[in-house]
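Chains V and Z supply the protein sequences, listed in that same order.
Take the first sequence: its position 9, counted from the start at 1, is 9 in UniProt numbering, and no numbers get skipped.
Take the second sequence: its position 131, counted from the start at 1, is 131 in UniProt numbering, and no numbers get skipped.
To be clear, the hints were calculated from the coordinates, so they are not data collected in a lab.
Treat the hints with care, since some could be wrong.
Claimed, not checked - Simulated DEER-style distance windows between Cβ atoms: (1) Z:35 x V:61: 41 to 47 Å; (2) V:118 x Z:8: 26 to 32 Å; (3) Z:72 x V:118: 34 to 40 Å; (4) Z:329 x V:86: 36 to 42 Å; (5) Z:273 x V:86: 40 to 46 Å; (6) V:118 x Z:251: 26 to 32 Å; (7) Z:9 x V:118: 22 to 28 Å; (8) Z:248 x V:87: 36 to 42 Å; (9) V:81 x Z:276: 54 to 60 Å.
What the hints assert, rightly or not - Chain V regions said to be covered by chain Z (calculated; three or more residues, Cβ under 8 Å): (10) 36-50; (11) 65-77.
Unchecked claim - Calculated lysine-lysine pairs in the DSS-like style (CA-CA distance at most 27 Å, straight line): (12) Z:11 x V:122; (13) Z:104 x V:122; (14) Z:226 x Z:277; (15) Z:277 x V:122; (16) V:122 x V:72; (17) Z:104 x V:56; (18) Z:16 x V:56; (19) V:56 x Z:225; (20) Z:277 x Z:297; (21) Z:26 x V:56; (22) V:122 x Z:226.
Beta carbons: idealized from backbone N, C-alpha and C, even for Gly.
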Amino acid sequence: MVPLLCLWLVTLNEKTASLPVPMRNSASDDNINMAAPVALHLEFGGGAELLFDGVKEHHVTLPDQLDPWDMKQLLVWIKENLLKERPELFVQGDTVRPGILVLINDADWELMGELQYELQDKDNIVFISTLHGG
Amino acid sequence: MPVLCSSCAEKRAVLKRPKTAHSLCKECFFWAFEEEVHQTIISAQLFNHGETVGIGASGGKDSTVLAHVMKVLNERYNYGLKLMLLSVDEGITGYRDDSLETVKRNQQQYELPLKVVSYEELYGWTMDDIVKQVGLKNNCTFCGVFRRQALDRGAMILKVDKICTGHNADDVAETVLMNVLRGDIARLRRCTAISTASEGEGVVPRCKPLKYAYEKEIVLYAYFKKLDYFSTECIYSPNAYRGHARAFLKDLEAVRPSSIMDVIHSGENLSVREGVKMPVQGTCGRCGYISSQALCKSCVLLEGLNRGLPRLGIGKHHRLHDKILSQQPLTQAEERKIKPLKF
Ligand SMILES: [Zn+2]
Ligand SMILES: [Zn+2]
Ligand SMILES: [Zn+2]
Numbered sequence: 001m002v003p004l005l006c007l008w009l010v011t012l013n014e015k016t017a018s019l020p021v022p023m024r025n026s027a028s029d030d031n032i033n034m035a036a037p038v039a040l041h042l043e044f045g046g047g048a049e050l051l052f053d054g055v056k057e058h059h060v061t062l063p064d065q066l067d068p069w070d071m072k073q074l075l076v077w078i079k080e081n082l083l084k085e086r087p088e089l090f091v092q093g094d095t096v097r098p099g100i101l102v103l104i105n106d107a108d109w110e111l112m113g114e115l116q117y118e119l120q121d122k123d124n125i126v127f128i129s130t131l132h133g134g
Numbered sequence: 001m002p003v004l005c006s007s008c009a010e011k012r013a014v015l016k017r018p019k020t021a022h023s024l025c026k027e028c029f030f031w032a033f034e035e036e037v038h039q040t041i042i043s044a045q046l047f048n049h050g051e052t053v054g055i056g057a058s059g060g061k062d063s064t065v066l067a068h069v070m071k072v073l074n075e076r077y078n079y080g081l082k083l084m085l086l087s088v089d090e091g092i093t094g095y096r097d098d099s100l101e102t103v104k105r106n107q108q109q110y111e112l113p114l115k116v117v118s119y120e121e122l123y124g125w126t127m128d129d130i131v132k133q134v135g136l137k138n139n140c141t142f143c144g145v146f147r148r149q150a151l152d153r154g155a156m157i158l159k160v161d162k163i164c165t166g167h168n169a170d171d172v173a174e175t176v177l178m179n180v181l182r183g184d185i186a187r188l189r190r191c192t193a194i195s196t197a198s199e200g201e202g203v204v205p206r207c208k209p210l211k212y213a214y215e216k217e218i219v220l221y222a223y224f225k226k227l228d229y230f231s232t233e234c235i236y237s238p239n240a241y242r243g244h245a246r247a248f249l250k251d252l253e254a255v256r257p258s259s260i261m262d263v264i265h266s267g268e269n270l271s272v273r274e275g276v277k278m279p280v281q282g283t284c285g286r287c288g289y290i291s292s293q294a295l296c297k298s299c300v301l302l303e304g305l306n307r308g309l310p311r312l313g314i315g316k317h318h319r320l321h322d323k324i325l326s327q328q329p330l331t332q333a334e335e336r337k338i339k340p341l342k343f
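Let the hints inform the model, and build the full structure from the sequences given.
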């Protein structure tokens with residue numbers, strides 16, 4: 001499964017990313033109940049970037065919503081907004097595919113509550129695939 | 001709610017170790033990781049003082065971490081080893097170029113001598129050329145067989161006493177599983193060995209100092225140390241079967257991290273009933289390399305390529321080996337079986 005991916009590598013490298021730029025909802029300024037938008041720095045490495053057009057770093061702003069964003073919701077958002085290829089190689093069920101390591105602000109997400117972690121503005125989230133060649 | 005390091009109780013923990021479930025800070029993790037590799041090396045007596053050791057370097061995470069840790073430990077514990085990096089250039093455009101660049105940077109970062117041996121110089125064929133002959137389906141047979149010998153031949157050119165490779169605990173567990181699934185008893189018995197004593201002429205002893213190191217820790221070690229590595233699979237390695245075994249292990253590990261170690265443990269402690277037939281190891285009649293057939297796999301594959309019969313050696317054509325060895329002509333029916341693929 002994974003190796004097939006790499007057939008694309010040669011072409012993928014040349015492309016540059018067109019990031020979806022989530023717009024701030026201007027109407028939300030009136031709505032005091034909304035949580036403030038969350039700006040994140042996402043990083044994909046170890047081969048996981050191949051699923052994102054070969055782009056390693058993404059600056060994204062999550063749209064306003066009533067409840068705070070958590071990792072579980074972030075994964076859904078990534079799947080819907082950033083993931084370019086074969087989602088099954090990145091997510092499995094409602095979590096990341098086993099073999100993909102997640103770091104939240106440079107710490108293993110297993111120490112941070114994993115899916116339940118509540119995202120803060122300016123968080124740095126890193127996904128590293130361990131499934132690519134050694 | 002930062003978790004504190006369970007070892008020094010001072011700094012913020014950065015990872016939970018899959019092996020021990022300890023939460024460690026960066027410094028304590030580096031130390032624990034390196035010490036465990038040291039213990040592996042010492043307890044299995046992998047090296048002797050004064051030896052020249054070639055580190056199989058692909059530019060990937062495992063061999064990059066191996067090179068780094070070997071250098072650290074060689075200095076910290078005065079192993080007295082002469083270390084060098086040994087790389088194989090398969091001749092795959094766009095893949096090996098990048099990973100070899102990584103190895104060349106490693107050479108400078110670690111100040112270790114580097115030798116690159118290419119398929120082209122060893123066999124007269126690059127992987128790109130081979131793929132043109134055999135198609136994408138069968139090429140990994142070539143890739144794997146040629147790579148193994150290439151490291152040996154490179155090691156001999158360099159007069160290296162031993163080769164060490166970056167195989168980690170996950171790799172070993174995966175190989176145990178694969179051999180169980182394929183019913184390959186001979187390999188199953190060998191695959192957990194941490195080192196191969198010299199298997200015969202033309203074969204340099206090999207060992208796996210990272211045999212008990214989890215992939216997760218290797219990747220995090222590389223990440224936190226900011227080691228420079230290259231991460232993609234060989235573009236010519238569509239091995240779906242191994243992919244399934246790997247995914248299965250990763251699923252198990254997610255439920256219970258010790259699964260990896262448990263599979264290795266099982267592999268190590270399997271004993272094979274007496275009377276089970278094992279292939280007899282001999283040497284290749286052409287190049288002298290270890291082989292259970294008249295011709296080693298690499299020589300069969302090469303013969304096929306050079307004769308325009310590239311499928312020779314893919315699948316079972318053992319009966320033809322003796323004919324080829326004695327340079328007898330093949331019948332038309334035999335030739336048809338091993339002709340190039342039509343695209
Ligand atoms: Zn500590
Ligand atoms: Zn390959
Ligand atoms: Zn041979």
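A quick look at each hint next to the structure:
1. Under the hint 41 to 47 Å, the C-beta atoms of residue 35 of chain Z and residue 61 of chain V, about 43 Å apart, fit the expected range.
2. As the Cβ distance of residue 118 of chain V to residue 8 of chain Z is approximately 28 Å, the hint placing it in 26 to 32 Å holds.
3. About 38 Å separates the C-beta atoms of residue 72 of chain Z and residue 118 of chain V, a value consistent with the hinted range of 34 to 40 Å.
4. For residue 329 of chain Z paired with residue 86 of chain V, a C-beta distance near 49 Å fails the hint of 36 to 42 Å.
5. As the Cβ distance of residue 273 of chain Z to residue 86 of chain V is approximately 44 Å, the hint placing it in 40 to 46 Å holds.
6. Our hint of 26 to 32 Å for residue 118 of chain V and residue 251 of chain Z holds, since their Cβ atoms are close to 27 Å apart.
7. The given range of 22 to 28 Å is respected by residue 9 of chain Z and residue 118 of chain V, whose C-beta atoms sit roughly 26 Å from each other.
8. One distance hint, 36 to 42 Å for the beta-carbon pair residue 248 of chain Z and residue 87 of chain V, is violated here, with the actual separation near 20 Å.
9. Distance hint check for residue 81 of chain V and residue 276 of chain Z: the Cβ-Cβ separation is about 56 Å, which falls inside the suggested range of 54 to 60 Å.
10. A stretch counts as covered by a chain when three or more of its residues have a beta carbon under 8 Å from one of that chain; for the segment 36-50 of chain V and chain Z the count is 4, and the coverage holds.
11. With 0 residues bearing a CB less than 8 Å from a CB of chain Z, the segment 65-77 of chain V misses the requirement of three and the coverage assertion fails.
12. Proposed proximity of residue 11 of chain Z and residue 122 of chain V is supported: the alpha carbons are some 22 Å apart, at most 27 Å.
13. A hinted pair counts as satisfied when its Cα atoms are at most 27 Å apart, and residue 104 of chain Z with residue 122 of chain V does not qualify at roughly 36 Å.
14. Using a Cα cut-off of 27 Å, the hinted pair residue 226 of chain Z and residue 277 of chain Z is violated, with the two alpha carbons roughly 48 Å apart.
15. Between residue 277 of chain Z and residue 122 of chain V, the direct Cα distance comes to roughly 62 Å. Violation of the 27 Å bound is thereby established for this hinted pair.
16. A hinted pair counts as satisfied when its Cα atoms are at most 27 Å apart, and residue 122 of chain V with residue 72 of chain V qualifies at roughly 17 Å.
17. A C-alpha spacing of about 23 Å is found between residue 104 of chain Z and residue 56 of chain V, which places the hinted pair at or below 27 Å, so the restraint holds.
18. For the suggested pair residue 16 of chain Z and residue 56 of chain V, the alpha carbons sit about 25 Å apart, so the restraint of at most 27 Å is met.
19. Of the supplied pair hints, the one linking residue 56 of chain V and residue 225 of chain Z holds, its CA atoms being roughly 19 Å apart against a limit of 27 Å.
20. Only pairs whose Cα atoms come within 27 Å are accepted, and residue 277 of chain Z paired with residue 297 of chain Z is accepted, the gap being roughly 21 Å.
21. Proposed proximity of residue 26 of chain Z and residue 56 of chain V is supported: the alpha carbons are some 23 Å apart, at most 27 Å.
22. Between residue 122 of chain V and residue 226 of chain Z, the direct Cα distance comes to roughly 22 Å. Compliance with the 27 Å bound is thereby established for this hinted pair.
Hints 4, 8, 11, 13, 14, 15, counting from the list given before, are not met by this structure.
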